[in-house]
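Protein chains in written order, with my numbering: chain H, 1 to 390; chain C, 1 to 392.
Think of the hints as simulated: they come from the structure by calculation, not from any bench.
From a predicted model like this one, the values you see are computed outputs, not experimental measurements.
Built from N, CA and C at the ideal position, the CB exists for glycine as well.
Any given hint could turn out to be false.
To be clear about the criterion: a stretch of chain C counts as covered by chain H if any three or more of its residues have a C-beta under 8 Å from a C-beta of chain H, and this derived list gives those stretches [to be verified]: (1) 313-326; (2) 358-370.
On the chain H side, residues computed to face chain C include the following (Cβ under 10 Å) [to be verified]: (3) ASP2; (4) ASP178; (5) THR267; (6) GLU269; (7) VAL297; (8) TRP301; (9) CYS304; (10) ARG311; (11) ALA319; (12) VAL322; (13) ALA382; (14) PRO389.
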Amino acid sequence: MDLKFTAEEAAFRDEVRAFLRREITPAVWEAHRDLAEQGMWTAEFTKAFRRKLGAAGYIGMGWPKEYGGGGRSRVYQAIFWDEMEYHRAPGLDRAITYIPNALMALGSEAQKAEFLPRIIRGELSWFVGYSEPEAGSDLANVKVRAVEDGDHFVVTGQKAFSSDAHMADYGWVLTRSDSASSKHRGLSMFIIDMKSPGITITKYPTLAGWTHHAVHFDQVRVPRSMLVGEVHQGWKTVMGAIDFERAALSSPGLVSYQFDRLLAWCTKEREGGRLIDDPLVQDELVRLAIEAEGAKVMSYWLACLHAKGLRPQHETSLALLVKRETARRLDVSGLELLGPFAPLRHGSPWAPLEGEVEVEYRDHLYFQFAAGGFDITRNVVATRGLGLPR
Amino acid sequence: MDITIDDDQKMLRETAMAFAQEAMTADAIRALEGSEHGFDAKVWRKMAEMGWAGAVFPEEYGGAGTGLLELALIVEALGQGAVPSPIYSTVVEAGLLLLDAGSPAQRDSYLPRIASGEAILTTAIAEPSGGLSPAGIRTRITPAGNGFTINGTKLFVRDAGAAEAIICLGRTGDNETDLTLLVVPRDTPGLKIRRLQAAGGEALWEVVFDDVNVDADAVVGEVGGAWSHVARLLLRGAAMKSAELVGIGQASLDLTLNYAKTRVQFDRPIGSFQGVHHHCAEMYRDLEVSRLLAWQAAAALGDGMAGDRETFIAKAKTSEAIQAVTRTAHQIHGAIGFYRDYPLELYYHRAIAAAAAYGDAGHHRRALARMLRENLGRFRGESSHELPVHYV
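Required output: the full structure, derived from the provided sequences and hints.
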């Protein structure tokens with residue numbers, strides 16, 4: 001067990017930090033935050049920044065060399081994710097973490113050749129079309145239909161809760177291709193060009209202040225070459241892909257950032273003294289630090305297991321649970337530590353920490369249900385990890 | 001960075017776990033509780049033959065020269081099997097203390113015999129004042145003739161009944177850390193011991209020093225220079241108890257999963273109920289986080305890092321989390337777990353004892369709070385981020 005970064009890893013971390021501190025300055029954040037989408041970067045900036053990540057070689061650094069990647073270990077990727085989250089940099093989403101891994105594992109040679117070079121340059125944004133009004137945690141309950149028609153499939157129906165669909169170039173969409181088969185059997189996965197005729201997007205404002213989307217497919221023609229994996233075998237494709245998502249989401253950078261920001265607030269001199277001199281505040285900060293350390297160790301442990309060529313599965317779900325629960329604890333403690341300032345939002349001259357704590361308290365509510373959510377994750381861990389009966 | 005255990009460590013862990021599961025029956029373990037020695041000398045000899053008594057000592061003393069993480073893996077396995085042994089008194093406390101601070105004569109005299117399992121030694125640190133700070137040490141050591149006289153009362157002394165010598169911490173001056181360590185043979189006149197009744201499998205003793213005289217060569221380290229060595233001893237103890245707590249938690253979870261999979265109620269195994277799923281997932285979550293923090297602490301102390309921050313975090317976390325794990329285990333077992341002849345009770349008691357040993361959760365949170373006030377950089381950890389520019 002070697003707790004310290006190697007000299008090379010530390011140098012990489014410093015390089016990423018320098019890059020992010022140069023690119024994500026307070027002025028940049030002020031200039032590119034989307035005031036209509038509270039607490040979010042604009043879609044334009046997110047896309048432009050993703051290209052910068054591509055140009056800097058960060059997107060494919062963990063990919064195998066045969067796909068144009070850097071072939072670096074998952075520890076480097078974990079360091080990169082950690083720093084990206086810590087600096088609130090945009091673009092670290094499914095387009096970088098999930099889709100390329102799923103494509104490399106499950107896509108056809110033609111699909112890899114078409115998409116991977118564009119992904120590694122940071123040119124593409126994606127939405128993942130799993131959820132529907134009737135299919136969330138019970139994912140196999142999808143109703144969007146795909147009907148074979150010669151060299152094409154014709155897709156009709158509605159996807160819901162579709163993050164970033166408004167800026168997506170492609171959709172990674174799960175459909176029902178055989179309604180006669182049992183729930184898990186008749187599913188097929190497609191890559192759908194979002195410029196295809198018949199696609200419309202509806203916006204739904206969330207209580208976090210930003211908008212979420214529903215995507216409607218009206219007789220959208222998708223070439224057979226955009227089928228991922230085999231027809232009617234979409235469930236296998238989803239299950240094969242989903243662990244990639246959780247590994248990336250379990251990065252501890254967010255938790256470290258939340259903690260450090262609170263610490264900065266508590267050490268500020270103000271009339272009446274510093275919060276950090278209050279024993280109760282010290283105890284709370286210590287308890288939070290212990291939880292944050294747990295989330296961090298767990299995330300890097302996963303990266304090290306991957307780096308050794310192992311394939312942790314339920315451990316990945318567990319790490320995501322720990323990270324998100326810790327983030328929620330920090331949200332709750334954060335509001336309490338802000339005291340009477342807690343409800344003040346960005347734009348108010350008195351808003352502490354630019355109103356971020358209050359935004360996150362609302363925004364991170366989605367941790368409790370998105371990508372599995374807390375209770376579903378506990379079920380996954382109990383059945384797949386601990387072997388309890390369903 | 002590689003925060004996983006390597007193949008050798010994995011093999012050691014598996015061997016230790018297999019041994020700990022087979023070493024003693026639950027009835028034999030229970031029969032030792034409250035007995036004078038509290039452990040089975042034959043089992044300890046077997047452990048010594050497997051190299052565990054000497055694992056962390058250099059080869060020149062008959063050891064294997066492994067790190068503290070290896071010792072943590074052994075201790076975790078012993079916790080999982082609820083196997084009582086003098087490994088804390090003899091190896092974690094006295095042995096490593098002598099390796100750190102002992103004179104060449106003291107090392108030569110004790111370490112090879114500790115490594116071979118022949119000698120049991122212990123340390124007497126804590127006192128009725130409670131706490132683990134230097135200010136709480138009232139035992140007086142006064143110069144007398146060619147040596148010293150000791151007067152005072154010590155508590156929570158492990159294995160005093162079996163030890164051939166006790167290394168005692170006492171006060172030699174007025175400054176808070178004017179403290180000194182002396183090796184005292186157990187049969188020295190004026191030294192009285194009394195077994196404490198306590199939860200868990202360890203034999204804890206009260207030791208009274210009533211005008212106990214020792215020679216000048218009894219000093220371990222330097223007169224007045226004891227505290228840094230004792231602080232290190234307490235950290236090692238806390239890190240090892242964190243690992244033991246992980247073993248206790250693992251055993252509790254294993255018993256619970258086995259029960260939940262086989263116990264049928266309402267025509268279904270109770271493990272199929274979502275309420276049980278969630279309880280078990282939370283036990284497992286707390287256990288895995290605890291394990292990584294415990295391993296991190298042992299590795300940090302063993303790798304020559306300060307290791308204090310990592311140890312405070314590990315002991316604070318495991319002391320609370322594993323006690324919670326044992327309570328949830330009982331929640332799922334229901335009444336059957338409440339019976340003394342069901343093995344879960346062993347772990348419930350051991351969690352109480354291990355959480356209290358070498359500082360409970362509150363003690364270690366206070367230590368972290370002190371670090372927060374006095375050394376913010378250290379508190380945030382070696383690999384911490386630079387604060388984002390707009391909050392500096």
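To see whether the hints hold, each was checked on the structure:
With 3 residues bearing a CB less than 8 Å from a CB of chain H, the segment 313-326 of chain C meets the requirement of three and the coverage assertion stands. Coverage of the segment 358-370 of chain C by chain H holds in this model, with 3 residues showing a Cβ closer than 8 Å to a Cβ of that chain against a need of three. At about 5 Å, the closest approach between the beta carbon of ASP2 (chain H) and any beta carbon in chain C falls short of 10 Å, and the interface hint on this residue holds. With a cut of 10 Å, the hint placing ASP178 (chain H) at the interface with chain C is violated, because the nearest CB-to-CB distance is about 30 Å.
Because the smallest distance between the Cβ of THR267 (chain H) and any Cβ of chain C comes to about 8 Å, under 10 Å, the interface hint for this residue holds. A distance limit of 10 Å between C-beta atoms decides the matter here; for GLU269 (chain H) the minimum to chain C is near 14 Å, and the interface restraint is violated. Taking 10 Å as the C-beta cut-off, the interface hint given for VAL297 (chain H) holds, the closest approach to chain C being about 4 Å. Given hint, TRP301 (chain H) at the interface with chain C, holds; its Cβ is 5 Å from that chain's nearest Cβ, closer than 10 Å.
Taking 10 Å as the C-beta cut-off, the interface hint given for CYS304 (chain H) holds, the closest approach to chain C being about 5 Å. For ARG311 (chain H), the interface hint is violated, since its Cβ never comes within 10 Å of a Cβ in chain C; the closest pair sits about 13 Å apart. Hint status for ALA319 (chain H) relative to chain C: holds, with the closest Cβ pair at about 9 Å, below 10 Å. Because the smallest distance between the Cβ of VAL322 (chain H) and any Cβ of chain C comes to about 6 Å, under 10 Å, the interface hint for this residue holds.
A hinted interface residue such as ALA382 (chain H) counts as satisfied when its beta carbon comes closer than 10 Å to some beta carbon of chain C; here the least separation is about 4 Å, so the hint holds. Below 10 Å, beta-carbon pairs count as interface contacts, and PRO389 (chain H) has one with chain C at about 4 Å; its hint therefore holds.
Going down the numbered hints, you'll see the structure goes against 4, 6 and 10, while the others check out.
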